[in-house]
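Going down the list, the protein sequences come from chains G, Z and B. Number 136 in full-length UniProt numbering belongs to position 136 of the first sequence; there are no gaps in the numbering. Number 166 in full-length UniProt numbering belongs to position 166 of the second sequence; there are no gaps in the numbering. Number 66 in full-length UniProt numbering belongs to position 66 of the third sequence; there are no gaps in the numbering.
Hints are computed from structural coordinates only; laboratory data are not their basis. A virtual CB, placed ideally from N, CA and C, is assigned to each residue, including glycine. Some clues are possibly wrong.
Claimed, not checked - Now the stretches of chain Z that chain B is said to cover, found in silico as 3 or more residues with beta-carbon under 8 Å: (1) 31-40; (2) 174-182; (3) 251-259; (4) 264-271.
What the hints assert, rightly or not - Not the full set, but computed from the structure, chain B residues with beta-carbon under 7 Å of chain G: (5) Phe39; (6) Ala213; (7) Gly266; (8) Asn296; (9) Asp456; (10) Gln692; (11) Thr695; (12) Thr726; (13) Met733; (14) Leu738.
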Amino acid sequence: MRLTCTVNGTTRQVDDVWEGESLLYVLRERMGLPGSKNACEQGECGSCTVYLDDVPVCACLVAAGQAEGREIGTVEGLAPPGELHPVQEAFLEAGAVQCGFCTPGLLVATDDLVSRSLAEGRTPTDPEIREALAGNLCRCTGYEKILDAVRLAADRMAGDARQPGGTR
Amino acid sequence: MQFLQPATWAEALEAKAAHRDAVPIAGGTDVMVGINFGRLRPALLLDLTRVADLRQWDTDDGAVRLGAGVPYARVITELGDRLPGLAMAARTIGSPQIRNRGTVGGNLATASPAGDAHPALLAAGAEVEVASVRGTRTIPVTEFYRGVKRSALADDELIAAVRITPPSGPQQYSKIGTRNAMVIAVAAFGLALHPARRAVGTGIGSAAPTPRRAPAAEEFLAGELDGLWDSRAELPAATAARFGELVAAAAAPIDDVRGTARYRVHALSVMARRALTWAWLDYRKGDPTCA
Amino acid sequence: MSAPTRTPAGAPSAVGGPGGRIGDDARRPDGVLKVRGEFAYGSDLWMDDMLWGVTLRSPHPYARIRSIDVGPALAVPGVHAVLTSDDVPGEKVYGLELADQPVLAFDVVRYQGEPVALVAADHPDTARRAAARIVVDYDVWEPVTDARVALGHPTWNQVHDSPAEVTELSRESADLHPHGNLVRHLKVRRGAPAPTADVVVVGEYEVGMQDQAFLGPESGLAVPGEDGGVDLYVATQWLHVDQRQICAALALPPERVRLTLAGVGGAFGGREDLSMHVHACLLALHTGKPVKMSYNREESFFGHVHRHPATMRYEHGATRDGDLVYVKAEIYFDGGAYASSTPAVVGNGGTMGIGPYVVPNVHVDCYGAYTNNPPCGAMRGFGSVQTAFAYEAQMDALAAELGMDPVELRCRNAMEQGSTTPTGQVVDSPAPVVELLRRLEAMPMPPAVPTGDDVDLRDMPGGVSNTTHGEGVRRGVGYAVAYKNVAFSEGFDDYSTARVRLEVVGGEAVATVHTAAAEVGQGLVTVEQQIARTELGVEQVVVHPKDTAVGSAGSTSASRQTYVTGGAVKAACEAVRGQVLELAQRGVGRPVADLRLDGGKVVSDVEGIALPLADVLGEEVVEETVEWRHRPTESIDPETGQGFAHVQYAFSAHRAVVDVDVELGLVKVVEMACTQDVGKAINPQAVIGQIQGGTAQGLGLAVMEEILVRDGRVQNPSFTDYLIPTVLDMPPMRVEILEYADPHAPYGLRGVGEAPNISSGPAVLAAIRQATGLPLTRVPVRPEHVTGT
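Using the sequences provided together with the hints, build the complete structure.
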């Protein structure tokens, strides 16, 4: 079947999609966007987290056809080419990236958490961070530096938000 | 494999009538796992995510009519005040990503004994509204579960909604998992106090071939509370303990990779005792949301 | 043929900034690609016209193959090849230490999940459906599933030096391999043969099968070459040992089997053995097309070796004052169907099996057995994780028996520099076991168990599942200390190769470091840059993609790469530096005193010289390739276990604080504290990351992680039922790093990756025992163990 949707702001159309394929497979194998990762394909690890109409979901559990006409946001679209999103920068600075396979999903989940908190005029507390990221498994870091990175990103983004013209 | 994406409820029912082996898909949290691992090869996938009606909830004659396609995340944020028991259950389900997609309707359709919503639905006395081109019928949730992953749904029917009259008293939900997040229930327990009708509702998960109530425990407790509803006096510890034992006695669990039958029975007795203690404490405080 | 569209990245990066030298928190050169989703892992590789390969695996743990009919699979449209063992042109078996594992099963399958046939098709689902149509006729046999039964040791054999008697049980067990079911028996004999002591504690312990559970599945892309050879891009831990085994299976010389490291999504030992490597190459050579293979999570559980389950019996004797007099230990590792690295695991389990303590009389028997369970091999901590659970539980039991503080007992018997190990080796570098424990004791404790209105469910055992608001919750505190050999032992020729080039690019001196050392996430690429910057005084250091165009670097395992490949890079840099300084002196026209490289210049403070490196080099390209070895070790005496077996030890200690709901058996780890001697922290941030990550894997084994195997069949091959810690399971951690230089190692460093994985789990167990008052001799601890259900 043919699938048309918007990915990272660009309309994409692919043909010959098998109806049983997941959105993750379509992104990775048909659209050349392998940033979303295929660690479990059963919704248990969060490595494939993408935005589906602004809501973070596991792309492995979205049937390709369900994405028809929808807006998808992946790790590749977090920042403009050549730039880094504050969450990406914070993960690098805090040493939250080791093998990096969980990183793309964590970045999307973190961006969602921090954005929602800032929209309420605050930064997330540690228990909130832990509950919000409990669906993103990491096998390398023991999560400590990921927590550091989220706190750092939240503080930076809160600072940016207070400045006129500041970006998210 | 075919993929159908009806835009309206009527179209969805027509499609299901025409293709009775079609597998409905909403959040995809069960169906896609089956497809990804080659265990499920439906001839037709019937995507229900475009049926707007399914994604709404409203109130009707004091009851909440929860569309089958409302994701758990919205149950938590939008219905936490009206249906705290179901919201507590929803908070234990999978990850935030799963709660953004998974639905109570899907939980019912899968009808797994481990489905997290079931104990809360049983305790609240919910009803399942199912429909086909033949018409709509309402099935008490107690009669909905028919076996391991089998339900009362006919092969031309789809789940439209769940109707839940908010219990008039406090509710609790407890679940055992061997990790502090993202677990399938080893055992689960839902409790609702219904002071308005002087009744008690229970629900047991992951401890029998189907989710089930603990009727003897309900009757026992309703009897014990008979003089206490009005006085809001302290609940004797022995009553809570006995209630726990009766809940555990209603279970018929098995040994599996997630836990032993003995542990499940034991855990149910502890969860039921604690849940009752907390609920009664709330009731005694006269929590205005539970009056 | 061209390289894959998405090629592996070991590329340099603009990020990294100044200060990326030894001892700095330098940034990863692959970090920017990783956070952008542009880093090409094995599963991301893709080429036009490529095919997908899948594996058909045995459903039975033990069976004879009567026949295989591939016809129905070949008939499926879109299928390009179906291969069996008959299609393996070279050696039909492979293995790290013993070649005993079939590339594809022939005659007999010995474990559930053993590869039997391969399919290549134009869509992965087509390949899967075709594989399901292959008809294999099996004659199913009764599997051998208990290591001690397999060896004919149904009872503890502690007091015997002689081989175990053959029993009825063992006669019933078929020999799984022509050489029998014993992979290795290691004996350590030191001191008196039959010592006695005032106080004796005996314990039997069991450790379940842990999985590495790396997130990036086994994956790679094989591209047929025009020379009849093959290029394999693969996520692995040791390119050259893979190459050796692939060459044997394909009957091709090394120059026609070229490997390049694809991005690796974690390893932890699970990529030391071959998985899809030969299979993808076979399909590519057979079809003449690029073939990608990428396991899903379920297949991954069958596609790599696991940590050996162990059963252990320990007897500790001590004086009334708490001095250890003797330790006797009998240790059984279940190696599963094939040897993998079982011999070396037995080596570690036996030689370090009593922990970092000084004991005059030691009697250890350590066995590795074949069974029809899943093959077991390398996992972080390698043979030391299992024994640490036992010996640390014994130390606590002994302390209780003596009425002593457990930390006091440990300190009293702790190994130190100059101590002699049970294998007769004198510890010839710092061994600060006492200081590690004392520093832990001195750390502040976390706040008390939350109660009443302060309760946040996320802090309670059970989390938001709302099982307790404080009811039944008891706190426990536990300590554990462990040690682990770094690098390969027992006389293994352990070396690494580094090629370092210095040249002028765009007016600036740029160094290129080329090694075959696998970057699996630990940050070796960062360390390679830091060493080159330090030794060559340049800012720009390119890390060449890891491939077999340069000599072997040895495995990314045994906490060895910073030591061994770091040593090789340092040595190669020194050779390059020698040449550059010579060039400089030639330019000056005379010998110059105190000449060194710093800040992109050739400098002599004494003579006031500072020549830009770019000017000194001009058109010259200075390149050196160095093969570097750590000092040699010895094989141990087969009867006594005595010998200089290990080149270096790493030491770490943990304190765990846990809250246990004793009524429901649920555990919340409240805090983990760790002290570790790292010799020299080359990259402190990365060192702490290793300690935190290792701690998490130890905690996971302690309370939740186990591959459940019943009758040789895996019950939980998924992330739904094989649980690893989430961020709600990991507590805040306190980490203190000690830096006591090892004079024998480059920069004085010590390998860091494994030790914290060894001491964390036993500390958690000790804390749970304290909270519950239960002996808890099996890990992982399940709610059933705590509640007696």
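Now for the hints, and whether the structure bears them out:
1. 31-40: holds (count 3)
2. 174-182: That given contact holds, which follows from 9 residues of the stretch 174-182 of chain Z lying within Cβ reach (below 8 Å) of chain B.
3. 251-259: It holds: at least three residues are needed, and the stretch 251-259 of chain Z offers 3 whose Cβ sits within less than 8 Å of chain B.
4. 264-271: holds (count 5)
5. Phe39: With a closest approach of 6 Å, the Phe39(B) hint holds.
6. Ala213: This interface hint holds because 6 Å falls under the 7 Å limit.
7. Gly266: holds, 4 Å
8. Asn296: holds, 6 Å
9. Asp456: OK, holds: Asp456(B) within 7 Å of chain G, min 6 Å.
10. Gln692: holds, 4 Å
11. Thr695: With a closest approach of 6 Å, the Thr695(B) hint holds.
12. Thr726: holds, 5 Å
13. Met733: holds, 5 Å
14. Leu738: violated, 19 Å
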